[in-house]
Amino acid sequence: MIKVITYGTYDLLHYGHIKLLERAKSLGDYLIVGVTADDFDKTRGKINVQQSLMERVEAVRSTGIADEIIIEEYEGQKIDDIQKYDVDIFTVGSDWRGYFDYLNEYCKVVYLPRTEGVSSSEIRAEKRSIHLGLVGNNRYLNKFLSESKFVNGVEIIGICSTDTQILSNEVLKLPLITENYDELLKECDAVYIHSSPGEHFLQIKKALENGKHVMCESPLTLSKQECCYLLELAREKNLILMDSLRTAYSTAFDRMLLLVKGGKIGEIVSIDATCTSLKENDSRNKWNSISAWGPTSFLPIFDLLGNKYENIKIISKFINREELKDSFTKIDFLYDKAVASVKVGYGVKSEGELVISGTKGYVYVPAPWWKTDYFEIRYENNEDNKRYFYQLDGEGIRNEIVTFVRAIYSLKRIFKISEDTSISISAIMEEFYKKENFRVI
58 MIKVITYGTY
68 DLLHYGHIKL
78 LERAKSLGDY
88 LIVGVTADDF
98 DKTRGKINVQ
108 QSLMERVEAV
118 RSTGIADEII
128 IEEYEGQKID
138 DIQKYDVDIF
148 TVGSDWRGYF
158 DYLNEYCKVV
168 YLPRTEGVSS
178 SEIRAEKRSI
188 HLGLVGNNRY
198 LNKFLSESKF
208 VNGVEIIGIC
218 STDTQILSNE
228 VLKLPLITEN
238 YDELLKECDA
248 VYIHSSPGEH
258 FLQIKKALEN
268 GKHVMCESPL
278 TLSKQECCYL
288 LELAREKNLI
298 LMDSLRTAYS
308 TAFDRMLLLV
318 KGGKIGEIVS
328 IDATCTSLKE
338 NDSRNKWNSI
348 SAWGPTSFLP
358 IFDLLGNKYE
368 NIKIISKFIN
378 REELKDSFTK
388 IDFLYDKAVA
398 SVKVGYGVKS
408 EGELVISGTK
418 GYVYVPAPWW
428 KTDYFEIRYE
438 NNEDNKRYFY
448 QLDGEGIRNE
458 IVTFVRAIYS
468 LKRIFKISED
478 TSISISAIME
488 EFYKKENFRV
498 I
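Here the working numbering = 1-based position in the sequence shown + 57.
Since the hints were derived computationally from the structure, they do not count as laboratory data. For glycine and all other residues, C-beta sits at the position ideal for the given N, C-alpha and C. Incorrect hints may have been included.
[Unchecked claim] DSSO-like cross-link-like pairs, simulated, lysine-lysine; straight-line CA separation at most 30 Å:
#, residue 1, residue 2
1, K262, K206
2, K263, K230
3, K200, K262
[Claimed, not checked] Distance ranges between label pairs, derived from CB positions:
#, residue 1, residue 2, range
4, K243, E488, 34 to 40 Å
5, I59, G155, 21 to 27 Å
6, T219, G133, 48 to 54 Å
Build the full structure now, drawing on both the sequences and the hints.
What follows is the structure, given as structure tokens:
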């Protein structure tokens, strides 16, 4: 019996996939089809896959062509599979010609002609792209535009900014460059806002009232009441309002939270998060330390301990006390059975690490932890320590754009940052600006 094996993502299974599977089956007597796992696709840069792994597996099974279906989960697995299943022929489409020649050492390699004029990428692209507008005076928008090009289904059509000097040549080539927010809203389906936090409420409100979906860099607002109002307004208008923090969309950060929630370090007793950087005081930068770093530093605390803390204490050092521009802020949380602390600052430097302490062990995420791609779980016995690494492409920006696009198409609010967390972040901002539970050093 001649065994044949082939691999693919098989997203939105189409005629081209089926023809390729039929050609593969004709090469032998028994066809094994490897379907790529979601995480493996991400490590290969395939972030635009529309269907879940089980949906794709079921689609392949329903063709009746495959005799056996396996899951491809890691780089190099093809060699293991060829040896494990005693495969005679490995085959893929001709667009991979030459790439898998190294497998000739283990079996015969055959490159099959693909069906012209049809592909999953083309099918995804047939959907009208979401026209996205950028809003703000921040250099981060340059990076956001660059990363958006890796995502299908979204096209950035313009920017509303009053400071074009900070914009890259790539941004300045967009079809629409304007200082008029209303003009941008007329041309887009959705906006990404990275403006001064004090401007967020009115900008989000206007976008929602004009029927536009919104992704806004956290914090959404500087008060709890305003945040609740905007979230309710988005629901009433059946629109998406997404709190944006790229750290939340890092695969490593997400996996770390799941392991901790699964009891790997026992009961959580303490969380310590530090986010600092030394930057020159730019008068155009309206983000103080607490607004720029606070929301990120709160993420692991609210995800793991929730937002029902019993007490909070805020201590700040100011560059400009009148404008509440803090160079350093430390916030201590007291929970019923745990404590947490964050240190943020534009005017101090400290080790930007995250430590989560438990009754069995602790999690250590090295600096800069907000760009998580590696973390360790450490125990009393060093031999029990575990190390985890996950590729981080685009600092999580690509993944959050994909999430935003999917939410718009499905109108399902499935985000890494819950509404409760968004509200809690805004509530802390309100305490800071009202100087409640507050001390200045």
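Results for each hint:
1. A hinted pair counts as satisfied when its Cα atoms are at most 30 Å apart, and K262 with K206 qualifies at roughly 27 Å.
2. The suggested pairing of K263 with K230 holds, with an alpha-carbon distance near 26 Å, which does not exceed 30 Å.
3. Restraint check for K200 and K262: the C-alpha separation of about 25 Å stays at or below 30 Å, so the hint holds.
4. Taking the beta carbon of each, K243 and E488 are about 37 Å apart, inside 34 to 40 Å as hinted.
5. I59 and G155 have their C-beta atoms about 24 Å apart, which keeps the hinted 21 to 27 Å range intact.
6. For the pair T219 and G133, the beta carbons lie near 51 Å from each other, so the given range of 48 to 54 Å is met.
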